[in-house]
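**Student:** Please build the complete structure, drawing on both the sequences and the hints.
There are 2 protein chains.
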Amino acid sequence: MDLHEYMNNVARDIDLMIRRHFGDATDELNKASAHLLLAGGKRLRPSILLLSADAVKKGSSYDLMHAALAVELTHTFTLIHDDIMDRDVERRGVPTVHTLWNEPTAILAGDVLYARAFEFLSHAPAPDSAKLRAVSLLARTCAQICEGQHMDMSFEKRTDVTEGEYLEMVQKKTGTLFAASAAIGAILAGGKPTQVDAVHQFGLLCGIAFQIQDDLIDIMSRSERTGKDRASDIRKEKQTLIAIKAREKGLDLSSYRHVLSDREVDEVVRKLRSAGIIEEVQQVAQDMVERGIKTLQILPESDERALLLSMGEFFVARRH
Amino acid sequence: MDLHEYMNNVARDIDLMIRRHFGDATDELNKASAHLLLAGGKRLRPSILLLSADAVKKGSSYDLMHAALAVELTHTFTLIHDDIMDRDVERRGVPTVHTLWNEPTAILAGDVLYARAFEFLSHAPAPDSAKLRAVSLLARTCAQICEGQHMDMSFEKRTDVTEGEYLEMVQKKTGTLFAASAAIGAILAGGKPTQVDAVHQFGLLCGIAFQIQDDLIDIMSRSERTGKDRASDIRKEKQTLIAIKAREKGLDLSSYRHVLSDREVDEVVRKLRSAGIIEEVQQVAQDMVERGIKTLQILPESDERALLLSMGEFFVARRH
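For the protein sequence lines, the chains are A and B, in the order given. Going left to right, the first sequence walks through residues 1 to 320 as the numbering used here numbers them. Going left to right, the second sequence walks through residues 1 to 320 as the numbering used here numbers them.
Calculated directly from the structure, the hints in this document are not laboratory data. The model shown is predicted, which means the values in this text are computed figures rather than measured ones. Hints are supplied without guarantee of correctness; some may be wrong.
Pairs involving identical chains hold if they fit within one copy or between any two copies, as the list cannot separate such chains.
Claimed, not checked - Taking lysine-lysine pairs in the BS3-like style, the calculated list, with each CA pair at most 30 Å apart, reads:
#: 1; residue 1: K31; residue 2: K236
#: 2; residue 1: K31; residue 2: K157
#: 3; residue 1: K42; residue 2: K236
**Tutor:** What follows is the structure, given as structure tokens:
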């Protein structure tokens with residue numbers, strides 16, 4: 001099976017579970033909790049959890065669909081809360097929860113999914129000691145995601161963010177949940193500590209690379225392809241690795257604080273390219289994925305390990 | 001030891017733990033998370049957890065301080081989020097988190113405590129199977145608290161809330177966490193299912209009674225005693241049991257939608273008393289506590305069981 005077929009199958013299964021558990025809500029709060037979940041998504045974190053489980057012990061992912069759902073619920077709760085904070089009006093092609101309902105309901109809708117994540121995880125058919133380690137890891141991860149989001153917001157008021165600070169923020173905000181997803185899969189499958197550490201590290205590095213690639217896509221891809229407002233990071237002077245490197249090289253992007261035409265974005269990309277910035281940033285992401293892939297060498301060779309490697313490569317090859 | 005001495009000791013121990021774990025925060029997010037925790041509180045939920053543990057198995061509470069802290073963290077996270085939704089500016093004599101920082105930081109500060117609650121609970125020195133049941137119960141409880149808060153907010157737009165709806169809301173918003181606190185204490189102490197059910201029911205009934213008493217205190221106690229703005233529920237036309245019963249008896253309180261002088265509040269109380277409403281509401285709370293106390297009879301006689309009973313009585317006897 002190739003990676004995209006695998007990921008599509010997982011997404012379909014997770015979508016089915018979501019409809020079963022969240023699709024019949026009749027009250028406003030549970031409808032609000034279900035809204036973004038039902039809007040689809042690539043379900044990358046469930047995929048990485050299930051592949052990590054099978055890479056450690058073949059066939060173990062069969063029992064771990066509820067754990068896979070738990071990490072998707074965790075991701076979705078953070079999106080609902082982030083959208084309130086960032087005042088975003090659209091996500092996954094649908095209006096955000098606080099736009100469609102209101103902020104209080106959106107806070108509670110996120111809080112409900114937060115609870116359900118722990119509930120689903122605590123009911124996985126796995127040994128109790130493994131489940132407790134998974135619960136504890138998910139809890140620590142949630143606290144780190146909050147720290148990452150807080151760092152990200154604090155960067156908005158600054159123009160002197162360093163590469164190190166950016167990478168710490170992305171590690172916390174995005175890397176830790178990919179890392180925890182992979183590790184939870186391995187833990188629940190009965191993986192050895194070295195195996196759990198390996199997939200955790202793989203998830204962390206690939207998660208950081210995933211976010212860097214997201215920043216590249218924001219500026220490189222045509223809007224019609226991503227469905228997003230192109231180069232919004234440049235317009236908002238977001239402290240991405242691209243912007244940080246541009247500043248360090250004396251490239252001034254401050255004249256682009258308006259909605260940019262594709263011609264203007266192409267001009268920015270040209271400037272960034274000729275300063276070598278696009279290539280440098282791509283290289284950072286590429287190096288991370290390669291380091292992540294190396295950590296997986298301690299796992300036995302298997303189709304699932306191969307799919308995990310492909311997933312890492314896909315994270316930095318994707319164009320939307 | 002009498003109840004107040006016991007509760008003061010627990011509050012002191014919990015305060016010490018809070019200072020140890022949260023007192024040294026240097027970054028803004030962790031300072032915001034610690035703010036309301038450090039402002040004190042009666043620590044009722046930790047007390048009920050520890051007493052339930054000892055009532056089931058003497059001496060077991062010694063190991064359960066982290067679990068006791070977990071339910072206090074859960075309570076505090078809900079307060080931080082509720083304060084944002086209700087736009088409250090003060091709590092426990094200090095400015096609310098979103099007032100002192102901002103709403104995004106307050107959402108995240110609550111989310112951090114939410115995570116820490118599960119982290120502390122998953123590390124309690126108790127058998128894994130018991131801890132997992134506790135984690136699962138806490139997760140279900142958090143979802144119910146959210147439902148209760150959402151019901152409470154939805155009542156603001158209505159003037160036809162029934163007694164049954166009010167009691168369901170209070171059960172979810174306040175009762176369930178007292179119930180879960182008691183049950184978690186009993187579960188982690190190795191209590192039998194009947195014992196766990198008994199203290200859960202006790203906590204639930206006393207928690208509901210606690211909230212009804214809170215509503216009575218709002219109107220009965222002088223502001224200098226509670227530190228709260230007196231009769232604010234009447235002014236805001238809040239759908240409390242008092243207001244619902246007043247409406248049912250044709251007592252019109254709609255002329256009191258302004259900040260009331262003590263003389264005006266006394267007039268309202270007189271009207272409510274002569275319609276028999278104050279006494280009826282007190283009786284509802286009293287009956288709940290008595291039913292709760294009866295469920296504890298299956299526990300062996302002990303000092304801790306006696307203290308639990310006193311705690312139930314205290315919930316409806318307190319004047320602030």
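**Student:** Compare the structure with each hint and give your call.
**Tutor:** Verification of the supplied hints:
no.: 1; hint: K31 to K236; result: between (32 Å within a copy, 28 Å between copies)
no.: 2; hint: K31 to K157; result: between (35 Å within a copy, 19 Å between copies)
no.: 3; hint: K42 to K236; result: within (26 Å within a copy, 45 Å between copies)
Of the hints listed earlier, there is not a single one the structure fails to meet.
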